[in-house]
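S.K.: Each chain, letter by letter, is given below.
Protein chains: 4
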Amino acid sequence: MKTILLITTGGTLDKVYFDALSEYQVGNAVAPEILQRMNVNFCYEHKEICRKDSLEITDQDRALIKQAIDGCEHDHVLVTHGTDTMVQTAQFLGEQPEKTIVFTGAMQPAAFANTDAIFNIGTAIGALNSAPKGVYVAMSGQVFLASKVYKNYETKRFEDNE
Amino acid sequence: MKTILLITTGGTLDKVYFDALSEYQVGNAVAPEILQRMNVNFCYEHKEICRKDSLEITDQDRALIKQAIDGCEHDHVLVTHGTDTMVQTAQFLGEQPEKTIVFTGAMQPAAFANTDAIFNIGTAIGALNSAPKGVYVAMSGQVFLASKVYKNYETKRFEDNE
Amino acid sequence: MKTILLITTGGTLDKVYFDALSEYQVGNAVAPEILQRMNVNFCYEHKEICRKDSLEITDQDRALIKQAIDGCEHDHVLVTHGTDTMVQTAQFLGEQPEKTIVFTGAMQPAAFANTDAIFNIGTAIGALNSAPKGVYVAMSGQVFLASKVYKNYETKRFEDNE
Amino acid sequence: MKTILLITTGGTLDKVYFDALSEYQVGNAVAPEILQRMNVNFCYEHKEICRKDSLEITDQDRALIKQAIDGCEHDHVLVTHGTDTMVQTAQFLGEQPEKTIVFTGAMQPAAFANTDAIFNIGTAIGALNSAPKGVYVAMSGQVFLASKVYKNYETKRFEDNE
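Protein chains in written order, with my numbering: chain Y, 29 to 190; chain V, 29 to 190; chain R, 29 to 190; chain B, 29 to 190.
Nothing false has been slipped in among the hints.
No copy labels: a pair is met if it fits in one copy or bridges any two.
Listed next, the in silico DSS-like pairs over lysine-lysine satisfying Cα-Cα at most 27 Å (straight line): (1) 184 <-> 80; (2) 184 <-> 30; (3) 176 <-> 80; (4) 75 <-> 30; (5) 176 <-> 127; (6) 161 <-> 30; (7) 94 <-> 30; (8) 161 <-> 176; (9) 30 <-> 179; (10) 127 <-> 161; (11) 179 <-> 80; (12) 80 <-> 127; (13) 94 <-> 176; (14) 127 <-> 75; (15) 94 <-> 161.
Note that these hints are calculated values from the structure, not bench results. Treat the numbers as computed from the prediction; the structure is a model and nothing was measured.
Chain Y extracted, bound-state conformation (with noise of 0.2 Å):
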């Protein structure tokens, strides 16, 4: 896997606090300078659709999204999303027989100590290195089938749904 297409979308993952507001807000993309700092030896290229909470996500950014996917050169697509409708924007880009494309978030912000964004982002590459062509949903240390997944809000991971 030498390159790479990074789809970034906001979601808890890339939330930092703002003290003047006493509040939390979707920053900066935290997903590229992860891979930095982790000195991955493959490339990427990043583009940003928005910067939400996910359950502001519409299919308006959802067909960006896809948009961005169908129009890419990459065989390999990160796409870093909130976890509320990360399994709906999943599905929505239907069958992918050309690309493998893994979808993950944290539960966690990445500013936290305790996240588990740096975990989550490396399943997913390991799951963009080795998983057919198709579209995945990596979580709670699994690869899921877009299609065969669900958010769990009781046990906070990501299940089988079936």
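Based on the hints, put chains V, R and B in the right spot on chain Y.
M.R.: What follows is chains V, R and B alone, placed relative to chain Y:
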């Protein structure tokens, strides 16, 4: 992937600092604690082979690792190992047509704030989920066949040996 | 300094992220866990007054803080508090000729990798050990008399109000 | 406190890991970067005396530290130093009736996620702000007179020697 065998051998990944000795030593294996903290939804059986710098790993240790793998009922095996002889140990296992076996480790100890340990274990888990049967090294954001990788000390990355 | 009273009220210091709510809330007081992790060699009695953003702290809460201080046998009191009204609460205590009382908090939650929480609590502990009786605010690497400090929202620092 | 002299000498505080050597060495002084990250509102002049494990600090090094302090115009001096001979170096300075001088260091390197470095530097800064003229050691959440402290290797704390 419902369950894996986790084999730990030590390496930089597990190094901690002993103030009383003013030195650095291989401590408890960190992988189990990381998998728990990341709230993964698969089970693992943990087998500790040794706690060594990989330069001190012997063929006797390698035979024990091979035994543990040959003897287990798991289809998926994660091996944490120091980076200097990781490739050598991975190749020692030979062909493994019936299991997916992934080696990983770290350039910086898991105890460090800027460690690559969590990312690398994530990459290995992504590969375990997705890769065909065989023996792999998951480092530097890549998943390599054990026969086609080396550690490049200049770039501080694992790279394709072709 | 053998023992202190630790009064906690909430604030950014204690903010954690709730994925299920996609929001940020004041959680358990982090100061006790930090003092334990830092292996300090003094004892503390912990009294939780409330778990509030400091904009929500009322004079009733302030009266409870004052009561707790007036009623205690400790000569040294550490108060953790949100930054927006920290000075107001510190001044509410009036003259305190018999105790050393130090307020601190954080601009970034303790849960963040790059928090100022641990440093600020350290500064407050240093002041508690060394300052004469009175009421102080320990922020931005400074120890201010409660009567001579304000939060500068532009520089994101506490500064001398003279 | 508008400005301080920051003297750095190395110690566990500054230890980093060199993968190529599979060993741990004293690296760049971390205190300046920590003070910047904590956004303190005082200035500091940084003077690096050496980069040594404190067991290797000689009386010649100590003489250089004393010279730097005697020669400076600052009223406040922070010295970062390894813990094993920190007390010895602090006592080497003798009486210092005209300046407040505080020594600190760490039991775990600043590079570690669970380091005590940031907390200890905070404690030292709090003491610098508040303590009378003299020479102090700020460790374990305490501010000791240099003449009344020792490192207890069993409790892993600095304690009163009386």
